[in-house]
Amino acid sequence: MMRAISLLLISLVFSSTVLANNKIVSAGATITEIIYALGAQQQLVGTDVTSSKWHNGTLPDVGYHRALTVEGLLSLTPDLLIASKEAGPDTTLQLLQQAGVNVRIVSSGNRVADLKQRINEIAQQTGRMEQASNLNDKVDALANQLQQQTPAKAQQQKAIFLLLREGSPASLAGKETPADAIINLMGATNPAAATISSYKPASAEALLAMAPDVILVSHRTLKALGSVEALLAAHPMLAATPAGQARRVFSIAGTSLIGELGISSLHEALRLNNRIYGN
Amino acid sequence: MLIVRYQTRHIFVPTGLLLLAAAIGSIFIGPLPISIQQAIKALLNQEVAPHVSLVMQQVRVPRMLLCLAIGAILALSGTVMQGLFRNPLADPGIIGVSGGAALGAALAIVIFAPLAEFYPLLLTLGTVPVFAFFGGSLVTFLVYQLGSNQHGTSVAIMLLAGVAISALAGAALGLLNYYADEQALRDLALWSMGSMAGATWPNIALAWATLTTLFVCFRQDANKLNAFLLGEPEARHMGIQVEVLKRRLILLCAAGVGISVSLCGMIGFVGLIIPHLGRMLVGPNHTLLLPLSALLGGLLLLIADTVSRVIVAPAELPVGIITALAGAPFFIALLFQQRGKI
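Those protein sequences? They're chains A and B, same order as listed.
Quick note, the first sequence lines up with residues 1 to 279 if you use this note's numbering.
Quick note, the second sequence lines up with residues 280 to 621 if you use this note's numbering.
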């Protein structure tokens with residue numbers, strides 16, 4: 001009996017070490033974020049180009065997740081490729097599977113439920129179910145806090161996210177973007193979501209007509225221009241909006257905007273919620 | 280005559296050897312370290328690790344074969360276009376074939392990508408290559424119609440029409456860029472820089488069949504192309520049916536470029552610089568220039584693709600960037616050397 005139990009114990013320990021010794025390539029910024037949040041980063045042997053933020057270039061970069069290469073990936077000798085729905089091309093994924101790499105596509109979506117689903121799927125692959133339930137509790141706590149701090153519909157502010165780049169027109173975040181999800185989570189409405197999806201160039205008149213109370217830009221944009229005053233001076237049409245007149249221009253960390261809704265997106269939503277509604 | 284042959288042999292043999300060396304080198308070089316013994320075993324279908332045989336048999340060898348064929352097709356088409364238009368700047372891009380093919384592919388990417396979720400068959404059947412091919416053929420037909428009247432075909436008008444239609448295709452591409460979502464935008468950008476990653480056996484068969492057809496047809500017309508260098512009226516007075524010849528050659532070039540664009544995206548500069556290089560080596564005689572261009576085109580693309588696979592490994596640089604990076608300075612140096620001669 002003791003022998004059987006000890007055998008069982010040994011096999012259990014062995015199986016969990018097998019799981020923990022995965023060699024994983026992550027193809028998607030949101031996936032890499034979750035792998036780090038689960039503390040499974042030791043299993044990573046490479047990431048796609050959008051994930052470099054988390055490891056500061058210490059891991060090999062397999063390129064853009066839509067243009068993965070068979071040989072490049074195989075040179076990292078991974079057992080497992082965790083990828084977003086957009087990853088490809090399909091021929092590469094098929095050949096990788098033929099070469100014995102386990103290819104897992106995680107579920108997509110910009111809702112909190114989608115994020116929790118992704119966390120569970122990745123935890124299963126990395127053998128981190130315990131850490132996943134802790135992480136999901138944190139996600140729930142954040143989401144609950146955000147919900148409690150969301151004002152009634154009538155008091156909600158109108159917020160837009162603008163991608164400002166030197167020499168090209170401002171791009172507005174519409175529906176189906178992480179930026180739109182953050183705006184909704186922080187208790188504001190995105191007037192652009194009614195008419196556009198993804199990122200679209202915005203005319204000055206359209207921006208004025210939306211009359212946003214809050215304008216969000218990326219950290220990088222604000223840093224490049226120096227201050228909110230400089231930003232409004234560089235983009236006079238923004239100065240004329242209610243947000244510009246009240247100097248309610250805030251910045252979001254770029255990492256929370258790449259890919260799909262992630263954990264840092266929730267933290268950013270809470271931080272902005274506190275800024276905007278002054279909790 | 281003896282002297283010419285002697286010189287020719289001294290150019291074709293080293294080029295052929297160089298091509299052979301590059302072809303062998305390209306299948307032994309890659310981001311995955313594979314020893315030469317292992318590589319040879321994998322090629323002979325002997326027992327090796329499954330990922331090694333997969334990389335050798337499904338990645339490196341197919342890509343080498345595709346590079347040779349596509350490089351040769353682009354270079355042959357460029358040579359014929361330059362001969363036909365008697366214009367050293369003519370390449371398949373200039374009569375709008377590439378622009379039309381690009382527009383076709385962009386349409387497929389933007390319109391069909393959202394549908395792919397529901398109809399995965401649409402993409403597996405390769406809508407992008409098919410649309411690229413039809414886009415290229417349609418534009419060539421339009422340009423040809425614009426350049427033709429009852430008296431024949433005007434090369435100058437065809438060139439102008441090509442520029443105009445390319446501009447139109449560019450505008451339509453811009454419009455598609457505006458409506459595309461982020462995914463499709465990145466796909467479009469990557470596609471427009473070319474890639475040899477689509478090297479599957481059916482694609483390779485198609486590329487080699489195209490190359491063989493083009494080479495045989497062009498070789499038969501090589502002497503007529505030589506006569507064309509004297510001028511179109513002169514060629515007509517020598518008894519050549521110039522209208523028939525022009526139509527045949529333009530359609531063949533369009534098919535060649537359309538197929539290569541559809542398989543590998545836009546790969547620039549091969550069709551432009553290889554004919555110049557070839558003429559520097561063997562002179563303007565098309566019976567020699569055409570085979571040499573085919574060899575040099577394959578060589579250039581093969582080297583560029585090997586570099587693209589290795590330089591940013593484990594990722595991959597689009598091959599069009601490398602051909603342009605290597606090709607443009609070379610072309611500028613050529614222009615400097617030949618200032619006043621062209």
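It is possible that part of the hints are untrue.
Ranges of calculated distance between the beta carbons of each label pair, as one might list FRET restraints [unchecked claim]:
#1 A:Lys223 / B:Glu326: 53 to 61 Å
#2 A:Lys116 / B:Leu297: 53 to 61 Å
#3 A:Gly254 / B:Glu326: 47 to 55 Å
#4 B:Glu522 / A:Ser168: 45 to 53 Å
#5 B:Leu604 / A:Ala230: 30 to 38 Å
#6 A:Met129 / B:Ala328: 28 to 36 Å
#7 A:Arg165 / B:Gln286: 18 to 26 Å
#8 A:Met129 / B:Ile590: 52 to 60 Å
#9 B:Ala328 / A:Lys116: 33 to 41 Å
#10 A:Gly100 / B:Ala450: 27 to 35 Å
#11 A:Leu208 / B:Ser433: 38 to 46 Å
#12 A:Arg165 / B:Leu604: 18 to 26 Å
#13 A:Lys116 / B:Ile319: 34 to 42 Å
#14 A:Ser52 / B:Ala328: 26 to 34 Å
No lab work stands behind these hints: they were computed from the structure.
Cβ coordinates follow ideal geometry from the N, Cα and C atoms, glycine included.
Each hint tested on the structure:
Distance hint check: the CB atoms of lysine 223 of chain A and glutamate 326 of chain B are about 57 Å apart, consistent with the given range 53 to 61 Å. Checked against the hint of 53 to 61 Å, the pair lysine 116 of chain A and leucine 297 of chain B passes, with Cβ atoms roughly 58 Å apart. In this structure the hint that glycine 254 of chain A and glutamate 326 of chain B lie 47 to 55 Å apart at CB holds, the actual value being about 49 Å. Between glutamate 522 of chain B and serine 168 of chain A, the C-beta spacing of about 47 Å keeps the proposed range 45 to 53 Å intact.
At about 37 Å, the CB distance of leucine 604 of chain B to alanine 230 of chain A agrees with the hint of 30 to 38 Å. One distance hint, 28 to 36 Å for the beta-carbon pair methionine 129 of chain A and alanine 328 of chain B, holds here, with the actual separation near 32 Å. Between arginine 165 of chain A and glutamine 286 of chain B the CB atoms are about 55 Å apart, so this pair departs from the stated range of 18 to 26 Å. Distance hint check: the CB atoms of methionine 129 of chain A and isoleucine 590 of chain B are about 41 Å apart, inconsistent with the given range 52 to 60 Å.
Taking 33 to 41 Å as the suggested C-beta distance range, the pair alanine 328 of chain B and lysine 116 of chain A conforms, at roughly 38 Å. A beta carbon spacing of about 47 Å between glycine 100 of chain A and alanine 450 of chain B contradicts the range 27 to 35 Å that was offered as a hint. For leucine 208 of chain A paired with serine 433 of chain B, a C-beta distance near 52 Å fails the hint of 38 to 46 Å. Against the hinted window of 18 to 26 Å, the Cβ-Cβ separation of arginine 165 of chain A and leucine 604 of chain B comes to about 25 Å, which satisfies the hint.
Separated by about 51 Å at the C-beta atoms, lysine 116 of chain A and isoleucine 319 of chain B break the suggested range of 34 to 42 Å. At about 30 Å, the beta-carbon gap between serine 52 of chain A and alanine 328 of chain B stays in the expected band of 26 to 34 Å.
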